[in-house]
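Chains as they are written, first to last, in this note's numbering: chain A, 17 to 535; chain B, 8 to 112; chain C, 20 to 185.
Note that these hints are calculated values from the structure, not bench results. It cannot be assumed that every hint is accurate.
[To be verified] Not the full set, but computed from the structure, chain A residues with beta-carbon under 7 Å of chain B:
{"hint": "1", "residue": "Gln26"}
{"hint": "2", "residue": "Val31"}
{"hint": "3", "residue": "Leu158"}
{"hint": "4", "residue": "Ile159"}
{"hint": "5", "residue": "Phe162"}
{"hint": "6", "residue": "Phe169"}
{"hint": "7", "residue": "Gly173"}
{"hint": "8", "residue": "Leu218"}
{"hint": "9", "residue": "Met229"}
{"hint": "10", "residue": "Ala263"}
{"hint": "11", "residue": "His339"}
{"hint": "12", "residue": "Leu343"}
{"hint": "13", "residue": "Phe345"}
{"hint": "14", "residue": "Met348"}
{"hint": "15", "residue": "Lys389"}
{"hint": "16", "residue": "Asn457"}
[Stated by the list, open to error] With a straight-line cut-off of 25 Å between C-alpha atoms, the simulated BS3-like cross-links for lysine-lysine are:
{"hint": "17", "chain 1": "A", "residue 1": "Lys387", "chain 2": "C", "residue 2": "Lys97"}
{"hint": "18", "chain 1": "A", "residue 1": "Lys386", "chain 2": "B", "residue 2": "Lys22"}
{"hint": "19", "chain 1": "A", "residue 1": "Lys386", "chain 2": "A", "residue 2": "Lys111"}
{"hint": "20", "chain 1": "C", "residue 1": "Lys114", "chain 2": "A", "residue 2": "Lys523"}
{"hint": "21", "chain 1": "C", "residue 1": "Lys184", "chain 2": "A", "residue 2": "Lys386"}
{"hint": "22", "chain 1": "A", "residue 1": "Lys463", "chain 2": "C", "residue 2": "Lys184"}
From a predicted model like this one, the values you see are computed outputs, not experimental measurements. Beta carbons: idealized from backbone N, C-alpha and C, even for Gly.
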Amino acid sequence: MKETTIFLKQRLQRVHVAAGITFSLVMYLAVFFGIFAILLPYIQVWEKPSRHIEYMDVTKIDYATMIDPVISDPNFPTNNIQITLPGYQHDPILKVSHQFVEPVYFDPNTKEQINNEGDQSQLAKFLNHMHYGRPLKTFGYLIFGFVAVGGLFLIIGGLILVIMIKYNNNAKKPVSRFSKLHRKILTWVFPPFIIITLTGALMNIGYTASAPMTYLVSKGETHRIFDLTSPILFPPIQSVEKQNISADMLPIGELIQKASTINPAIDFQKITLINWKDISAQVKIEGYNPYMPFLNGISNKPSITLSAVDGSLVRQHKVMDKHWSGLFFDSMYFLHFLFGVDTFTRLLIATIMSVSAFGLGFGVLLWLEKKAKKFPRNIPFYHWMAKLSLSVMIGVLPATALLFAMQWTLPFDLKDRFIWQEGIFFVSWLATFTWSLYRINSYQAAKEFLKLAGVLFILSPIFHYINSDFSLIQLWNQGLVQIVSVDIGLMIFGILLLIVGFRLPQKNNEIQKFWSKDL
Amino acid sequence: MIFKNIYKTLSTPEKSGRRIGLFRTLCAIFGGLIVAYLGMTLLVFLIPTEASKSITIPLMLNTLAWAAIALWISISPTKWIALLRSVIPSFIFAIAITFAYYGSK
Amino acid sequence: MKKLLSTLFLLLVTNLYAHTLIMNIMDNDDNTMTIAGTFSTGQSAVDALIRLEALNNGAILFQKRLPDDGELTIAIPKEPYQVVLDGGPGHTIVKQGIAPIDGFDVTKITEIKQAKKLSKNMTSRNSWSLPYIVLISITLLLIVLSIYLSKRNTDKIMRMIQESKQ
């Protein structure tokens with residue numbers, strides 16, 4: 017029995033290490049870019065000149081001046097027109113859109129149509145795409161999806177290991193230090209980590225492989241999962257028969273105010289115009305209820321439908337009206353998407369994920385340190401995994417910093433602007449791999465990467481001020497807090513990287529001391 | 008005779024647990040996937056509501072179940088047990104699904 | 020039982036699109052055609068734009084959004100054309116137009132001031148534009164350099180190990 021237990025522990029440990037080192041790099045990238053995805057609403061406003069405008073109160077906007085010319089266009093669709101209100105995802109613009117047309121963007125302050133940068137500026141979108149492997153298309157989705165399952169495998173296995181094995185927590189050597197930090201960090205952060213990874217795996221590979229399950233449970237009716245779930249999770253807008261009698265519409269601002277009176281708890285985000293300008297016209301105003309987090313925001317959007325003619329209540333959908341499967345769906349996806357949440361919650365989750373990234377990093381360092389022990393003492397450790405993980409995990413920092421620096425240095429009217437930006441990012445990231453191989457001393461290379469990243473992150477807001485014609489004070493005075501916060505965040509991050517870059521040791525004996533002392 | 012030899016090879020425990028091997032790895036990945044998938048499909052039938060409403064939970068837990076079952080299979084004491092852990096639950100779930108599929112048609 | 024087994028093999032299915040746009044064109048045999056737009060879920064694509072473009076010069080021969088029933092019945096043009104279902108950004112389906120009963124009359128060409136570009140099914144990137152050439156070249160260079168540096172430094176380390184053993 018004792019031998020069985022020993023073998024079991026050995027197997028658990030072995031399988032955890034093998035899976036860990038296999039999945040570590042891609043998992044780290046998913047977490048790293050995921051942190052930027054959490055901050056996406058702020059970055060997407062920071063990156064675009066067209067978004068350097070003041071926010072307006074949604075009840076005080078003159079909607080008619082902007083919307084009427086758009087929907088009067090005979091080529092524009094006539095029904096289910098969607099208006100995205102300023103403030104949704106911290107975006108100050110008003111967007112008029114429909115499923116089948118390019119959206120039209122307005123500055124609600126000047127009521128003028130604005131030139132959305134579109135494909136020319138995709139920084140936030142790109143960082144989000146890197147988070148789930150989109151640049152590699154289907155192959156990328158599958159890889160990131162399998163790595164997410166691997167992550168779940170590692171979390172469960174890791175927890176069992178921590179329970180079964182009495183690890184030594186006296187961190188006198190680098191190996192024990194890395195082991196302790198890896199275990200402690202991931203033991204603390206695993207609850208949100210497991211939920212976020214689970215939903216990530218579902219999105220990348222769960223739906224793709226759902227055909228047989230769907231076919232079986234629907235008794236052969238369909239193999240498309242969305243045929244089954246859409247009516248419950250994303251029910252279509254109820255169609256209203258058009259009377260073909262023109263009528264005057266109440267101002268949209270007034271309708272929003274009426275909706276606020278009916279349910280003051282909702283932060284309104286989008287309005288759908290149904291049969292606009294007809295006597296049967298309705299507006300469906302939907303949003304997010306911040307007082308009931310985890311239960312709404314994804315598939316469950318509380319809404320109020322009013323008659324556009326007299327403002328009478330047609331129907332209301334409250335958070336708890338959703339079917340329990342929808343509530344479960346939203347509760348699981350909430351931590352992953354964070355739709356509608358406040359800045360504090362976003363920063364909290366971003367912090368937890370940053371700490372998780374360190375936990376993953378220490379796991380890799382632990383494996384490398386054990387490999388390094390096999391090298392003779394006076395011989396520098398030169399291992400392919402060390403160089404690869406150095407460039408993937410640390411080299412990604414200067415490459416990402418270069419992305420931000422390029423955002424406000426590349427002209428916005430440059431042909432193929434985004435291809436240049438994306439391409440230079442990947443090339444510079446690859447260059448860090450080349451440099452890692454050139455520099456025998458990995459710590460020296462790491463220091464160089466951190467310092468370079470620090471300088472570029474500090475320069476990014478400076479380039480922003482120079483080329484946007486906005487200073488920090490101007491942005492603050494105009495209430496563009498989201499943009500200011502990104503500048504300050506980039507500056508602070510850059511300074512932190514510079515400090516770490518200078519403080520990190522380079523010589524072998526100093527490295528041993530650094531990781532052994534009380535940090 | 009051949010089967011006896013195969014059985015003997017698969018059921019002999021290794022001298023240490025420091026090696027997982029390709030056999031356990033493949034059983035864990037593919038066996039785990041099949042067991043988890045069939046298990047979650049069965050769960051849809053077991054939840055007492057319409058499929059469109061009950062499928063959400065099993066679909067979401069599918070990948071977690073895959074990870075957990077893969078771990079369970081990968082730490083099997085012998086290759087034979089790893090194979091049994093992949094095949095027997097799959098078989099049981101497949102039969103149960105067949106009954107559920109045709110039973111309530 | 021066969022159905023059950025065959026569905027299990029569907030495990031190999033890879034990408035499933037939740038919401039693909041589909042266009043069906045039916046010849047009514049009276050020089051008219053009915054164009055229907057639907058989603059792969061069966062839902063009709065009301066308000067999607069139907070456009071007939073002349074193949075000669077890209078002139079727009081006809082343009083209208085699908086009504087509530089998701090179908091449009093229109094006269095078949097006399098000149099060669101293509102049918103476009105414009106479902107917004109990234110969702111354009113293009114199909115060759117059905118010929119009228121007596122065939123196309125190539126003398127009947129709609130005159131426009133300037134020829135227009137025909138719609139395409141998918142927007143394809145020009146793979147060999149300048150940024151691609153430059154960046155791929157640098158990438159190849161870096162890969163070659165990486166291989167060289169790796170070999171050089173590995174040899175150096177191996178020499179150091181051998182020297183330390185002596």
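Against the structure, the hints:
About 3 Å separates the beta-carbon of Gln26(A) from the nearest beta-carbon of chain B, less than 7 Å, and the hint is met. With 7 Å as the threshold, the beta carbon of Val31(A) comes within range of chain B, its nearest partner Cβ sitting at about 5 Å, so the hint holds. A hinted interface residue such as Leu158(A) counts as satisfied when its beta carbon comes closer than 7 Å to some beta carbon of chain B; here the least separation is about 13 Å, so the hint is violated. With a least beta-carbon distance of about 14 Å to chain B, the hint placing Ile159(A) at the interface is violated under the 7 Å criterion.
The interface hint given for Phe162(A) is violated, since its Cβ lies 9 Å from the closest Cβ of chain B, which is over the 7 Å cut-off. At its closest, the beta carbon of Phe169(A) sits 4 Å from a beta carbon of chain B; the interface hint therefore holds under the 7 Å criterion. Interface restraint check: Gly173(A) against chain B, minimum CB-CB distance 5 Å, threshold 7 Å, status holds. About 6 Å separates the beta-carbon of Leu218(A) from the nearest beta-carbon of chain B, less than 7 Å, and the hint is met.
About 5 Å separates the beta-carbon of Met229(A) from the nearest beta-carbon of chain B, less than 7 Å, and the hint is met. Hint on Ala263(A) is violated. Least Cβ distance to chain B is approximately 37 Å, over the 7 Å limit. Hint status for His339(A) relative to chain B: holds, with the closest Cβ pair at about 6 Å, below 7 Å. For Leu343(A), the suggested interface contact is broken, since its CB lies about 10 Å from the closest CB of chain B, more than 7 Å.
A hinted interface residue such as Phe345(A) counts as satisfied when its beta carbon comes closer than 7 Å to some beta carbon of chain B; here the least separation is about 5 Å, so the hint holds. Evaluation of the Met348(A) hint against chain B yields a held restraint, the C-beta minimum of about 6 Å falling below 7 Å. A hinted interface residue such as Lys389(A) counts as satisfied when its beta carbon comes closer than 7 Å to some beta carbon of chain B; here the least separation is about 17 Å, so the hint is violated. Against a cut-off of 7 Å between C-beta atoms, the interface hint on Asn457(A) is violated, since the closest Cβ of chain B lies about 32 Å away.
In summary, the hint linking Lys387(A) to Lys97(C) is not supported, as the alpha carbons are separated by about 76 Å, beyond the 25 Å threshold. Pair hint Lys386(A) plus Lys22(B) holds up; C-alpha atoms about 23 Å apart against a cutoff of 25 Å. Under the criterion of a C-alpha separation no larger than 25 Å, the hint pairing Lys386(A) with Lys111(A) is inconsistent with the structure, at around 55 Å. Proposed proximity of Lys114(C) and Lys523(A) is contradicted: the alpha carbons are some 67 Å apart, above 25 Å.
With a C-alpha separation of about 21 Å, the suggested pair Lys184(C) and Lys386(A) falls inside the 25 Å cut-off, and the hint holds. Note on Lys463(A) and Lys184(C): the hinted pairing is violated, with a Cα-Cα distance of about 31 Å set against a maximum of 25 Å.
Taken one by one, the earlier hints fail for this structure at numbers 3, 4, 5, 10, 12, 15, 16, 17, 19, 20 and 22, listed in ascending order.
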